[in-house]
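Student: Using the sequences provided together with the hints, build the complete structure.
Single-letter residue listing:
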Amino acid sequence: MNYLPKSLAMGFVLATFAASSVFAAGTHPVTGEALADDQTFTYSLLDEFTTADPQMVEDVSGSYFVRDLFEGLMNQDADGNLIPGVATGYTTNEAKDVYTFTLRDNARWSDGNQVTAHDFVYAWRRLADPATASPYSWFADIMALENVGAVLSGESPPEALGIRALDNLTLEVRLTASLPYFAAMTTHASTFPSPQWTVKTFGDDWTKPGKIVGNGAYVLTEHIPNETATRERNSLYWNNDATIIDKVVTLVINDENTDFTRWQAGETDKGAVPSGQYPRLKAEYPDEAISFPRLCTYYYTFNLSPSGQEALQDVRVRQALSYALDRSVVTDKVLQGGQIQAFTFTPGATAGFEVPAVAFGQMTQDERNAKAKELMAEAGYGPDNPLSVEVMYNTSEGHKKIAIAVQQMWKETLGVEATLANQEWKTFLKTRGGQNFDIARGGWCGDYNEASTFLDLLTTPSGYNDGKFSNAEVDELMSSARTMSDATDNYTRVEEILANEMPVIPVYHYTGVFMLRNNLKGWPFNNVEQNVYSRDLYKVAD
Amino acid sequence: MLNYIIKRIGIAIPTLLILIVVTFYLMHSAPGGPFTSEKPLPAQVLANIEAKYGLDQPIWRQMTTYLWGILTEFDFGPSYKYHSRTVNEIIGQGFPITLKYGFWSFIVAIGVGIPLGAIAAIRKNTWIDYFAVGISIGAQVLPNFVMAPLLIIVFTLWLGWLPGGGWHGGDWQYLVMPVIALSTSYMASIARITRSSMLEVLNANYIRTARAKGLPTKTIFFRHVFKPSLLPVISYLGPAFVGLITGSVLIDIFFSTGGMGYFFVNAAFNRDYAVMMGITILVGSLTILFSLIVDLLYAWIDPKIRY
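Residue numbers (our numbering), protein chains in the order written: chain G, 129 to 670; chain A, 24 to 330.
I should point out that these hints are in silico values taken from the structure, not numbers from a laboratory. Quick reminder that beta carbons are idealized off the backbone N, C-alpha and C, glycines included. A couple of the hints might just be wrong.
Subject to a maximum C-alpha distance of 25 Å in a straight line, what follows is the list of computed BS3-like cross-link-like pairs (lysine-lysine) [claimed, not checked]:
{"no.": "1", "chain 1": "G", "residue 1": "539", "chain 2": "G", "residue 2": "529"}
{"no.": "2", "chain 1": "G", "residue 1": "528", "chain 2": "A", "residue 2": "62"}
{"no.": "3", "chain 1": "A", "residue 1": "75", "chain 2": "G", "residue 2": "558"}
{"no.": "4", "chain 1": "G", "residue 1": "558", "chain 2": "G", "residue 2": "499"}
Residues of chain G clear of chain A, computed beta-carbon distances all greater than 12 Å [claimed, not checked]:
{"no.": "5", "residue": "183"}
{"no.": "6", "residue": "222"}
{"no.": "7", "residue": "236"}
{"no.": "8", "residue": "268"}
{"no.": "9", "residue": "352"}
{"no.": "10", "residue": "356"}
{"no.": "11", "residue": "422"}
{"no.": "12", "residue": "436"}
{"no.": "13", "residue": "502"}
{"no.": "14", "residue": "514"}
{"no.": "15", "residue": "535"}
{"no.": "16", "residue": "600"}
{"no.": "17", "residue": "645"}
Computed from the model, here is a short list of chain G residues facing chain A with C-beta under 8 Å [unchecked claim]:
{"no.": "18", "residue": "266"}
{"no.": "19", "residue": "557"}
{"no.": "20", "residue": "561"}
{"no.": "21", "residue": "591"}
Tutor: What follows is the structure, given as structure tokens:
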């Protein structure tokens with residue numbers, strides 16, 4: 129065995145210690161908290177992310193990778209407010225259909241090239257180009273970019289898209305509609321820049337470690353699909369000095385119980401809460417079991433199309449079924465994850481949305497039950513003539529539990545004979561999309577933090593309106609809301625119409641639940657879209 | 024023998040072709056497609072994507088293009104779900120993992136199962152027999168979806184000896200729990216089959232003759248009992264080996280191994296057609312190959328069998 133001289137060994141130890149604590153072992157520049165030596169953030173993914181390509185990504189976990197590896201024109205802070213990203217700011221005309229972004233001159237790609245307006249032009253054209261076949265190219269459509277329809281259909285070349293670089297640091301975007309919230313849309317991963325030279329050189333392989341070039345706070349250094357991925361800080365990122373977390377590691381753990389066990393064993397900093405276990409874990413780990421509202425609604429939709437059951441065309445029956453559904457049983461007994469009872473389709477957490485005091489939401493459950501019985505009797509259904517309906521959901525233990533509870537409530541309160549049917553996910557989507565159901569389960573998460581992302585679903589032209597609800601006033605209110613600077617009144621009115629017409633039964637608003645180690649700080653709980661940027665996180669010393 | 028092998032390979036090709044055609048049609052007849060989602064894509068976007076992947080072509084055209092790609096370039100197509108990855112890459116990554124933990128599970132299953140069954144048979148109706156049978160029944164009734172989380176709780180959470188999952192290139196620490204969880208039920212089946220077939224052989228007339236001749240027990244066992252009593256075990260081992268090395272979705276889920284089993288099941292749910300086809304072809308080919316190997320082993324063990 130070789131022995132190092134004692135002084136040399138000590139020097140080596142000290143050098144290693146110093147090298148590993150270049151960014152750490154200090155204090156947080158804003159809060160002054162003592163930082164941990166090891167700034168590695170490890171979290172679990174229930175499933176492998178689809179891709180790290182900004183223009184191809186379509187899943188939540190993939191978007192998080194993209195936000196770390198690339199940076200768009202604008203970012204969000206911990207509360208979801210818009211802050212500068214690659215752009216230092218923007219101006220817009222009075223009609224709000226031309227936006228001009230000014231880019232910072234110190235933004236660099238991880239290979240040293242400067243980030244320019246041309247990189248955004250390339251990326252947005254790439255998003256809309258039919259040859260890219262991006263599953264998110266529809267985002268270019270809802271951004272209302274000039275000529276986007278013609279580009280998507282291949283009638284015009286991608287160069288016709290309403291985006292151009294006035295010079296290296298000035299980007300102009302032309303829209304076909306007035307969009308006051310357009311700048312906020314540039315925080316979406318699909319609008320982030322792409323390095324043309326890398327995409328051209330490597331083709332579909334360009335996002336692999338060793339090849340990928342990004343302009344974000346991190347670079348992808350390792351990726352073993354379905355097992356792990358590592359991103360490490362990008363020394364060329366313009367705001368690298370403010371980044372604290374050095375390394376972000378993901379572990380794919382497909383089972384939430386195992387996920388939790390591995391969190392308990394200290395393998396991850398953020399892990400899953402197995403379904404139904406939130407109350408127990410909250411009691412056991414009060415600071416680390418987290419629950420917060422999300423922009424999502426769980427609902428049942430009635431089939432109001434000609435193929436739908438006749439009884440359900442009667443608004444009284446729909447109201448009765450909605451009233452008799454005791455939301456508190458679903459949230460407090462079945463789910464137990466701090467979910468919020470829903471009486472409106474739009475979650476209360478949505479920005480600029482005041483939950484209207486819809487009448488049935490103000491009643492007690494006993495009052496609702498009494499009213500439901502009355503309505504059902506008026507509609508001609510009762511013990512002698514019970515209503516039979518089929519409730520369809522996609523195969524999952526969670527949906528099944530809720531459906532059984534609902535079946536029981538309807539049976540006890542209204543004597544309704546509900547049968548339950550479940551189908552595998554894609555089959556279910558086909559069935560629901562083809563209006564082959566009486567009542568079907570639905571879940572909807574907002575694409576952006578604004579009520580229209582929910583309420584547009586219930587307009588006549590919406591492709592997502594599987595119940596085929598159609599109401600001229602709703603269509604008109606939602607259409608005029610698009611160009612209003614404050615459409616709160618319209619949204620309130622739409623919710624009131626929905627509470628009367630009851631095309632869907634809102635059941636609950638989702639909450640995000642997970643385990644988060646209490647030395648990890650900076651998690652943006654107030655950002656309801658949960659747009660997390662790892663560079664804003666940090667670990668404090670124990 | 025050579026003629027037999029050539030004949031079997033001659034049958035294998037059309038078998039595989041039928042498998043491909045049937046799977047292809049079944050897969051495409053399942054409702055929904057790779058790009059069906061809660062938020063349906065606008066028609067134009069869907070059309071662009073389908074054109075890129077050739078999904079707008081008639082099924083027969085898609086199938087012939089697919090087969091042609093395999094034959095000419097050994098290209099099994101792209102994954103529709105993981106945009107920057109091809110099926111060749113997915114199988115290239117997942118199969119070696121599955122092969123490794125499957126192979127070791129196989130070794131453990133026969134290494135423990137056969138001696139356990141043999142001892143039980145030789146010491147029939149003694150405590151050793153009861154003990155061995157007890158273990159094998161216990162292992163059989165404890166399904167791996169129960170055993171896997173238990174192992175993680177014991178070895179990772181309580182004892183802290185082993186990592187709770189992952190693969191790390193197949194380091195032994197990452198291999199132990201998947202192998203235990205996967206091999207136990209196979210080990211139990213092998214032990215039971217070995218025990219019953221060995222008991223049958225031990226009662227055969229020629230063994231009585233051997234005993235009457237005064238041959239030592241050891242000689243009787245190794246020369247006359249062991250080989251013939253393995254015949255039923257071997258017929259079980261062929262399909263079991265294929266099952267083990269082509270992956271267990273539960274092992275992949277619980278231990279995050281990144282193996283092929285999860286990809287296969289996931290591909291079916293995602294309608295990731297090319298991934299599903301690629302793995303089907305691989306599993307189909309292996310099944311055909313190993314049933315041929317088992318048949319050849321039969322001939323080696325039992326001289327009465329000649330091809």
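Student: Decide, hint by hint, whether the structure agrees.
Tutor: Hints, one by one, checked against the model:
1. G:539 <-> G:529: Since the Cα atoms of residue 539 (chain G) and residue 529 (chain G) sit roughly 15 Å apart, the hinted pair holds (cutoff 25 Å).
2. G:528 <-> A:62: With Cα atoms ~22 Å apart, residue 528 (chain G) and residue 62 (chain A) stay inside 25 Å; holds.
3. A:75 <-> G:558: 22 Å, holds
4. G:558 <-> G:499: Since the Cα atoms of residue 558 (chain G) and residue 499 (chain G) sit roughly 35 Å apart, the hinted pair is violated (cutoff 25 Å).
5. 183: 10 Å, violated
6. 222: Since the minimum Cβ distance to chain A is about 30 Å, residue 222 (chain G) lies beyond 12 Å and the statement holds.
7. 236: The assertion about residue 236 (chain G) holds, with a minimum of 24 Å to chain A.
8. 268: Contrary to the label, residue 268 (chain G) does not stay out of reach of chain A, its closest Cβ about 10 Å off (not over 12 Å).
9. 352: 6 Å, violated
10. 356: Nearest chain A Cβ is 7 Å from residue 356 (chain G), so the label is violated.
11. 422: 15 Å, holds
12. 436: Non-interface label on residue 436 (chain G) holds, nearest chain A Cβ at 19 Å vs cutoff 12 Å.
13. 502: 35 Å, holds
14. 514: Its Cβ never comes within 12 Å of chain A, the nearest being 31 Å, so this holds.
15. 535: Non-interface label stands for residue 535 (chain G): nearest chain A Cβ at 23 Å, farther than 12 Å.
16. 600: Label holds. Min Cβ-Cβ 24 Å, cutoff 12 Å.
17. 645: At about 16 Å from chain A, residue 645 (chain G) clears the 12 Å cut-off, so the statement holds.
18. 266: 5 Å, holds
19. 557: 5 Å, holds
20. 561: 7 Å, holds
21. 591: 5 Å, holds
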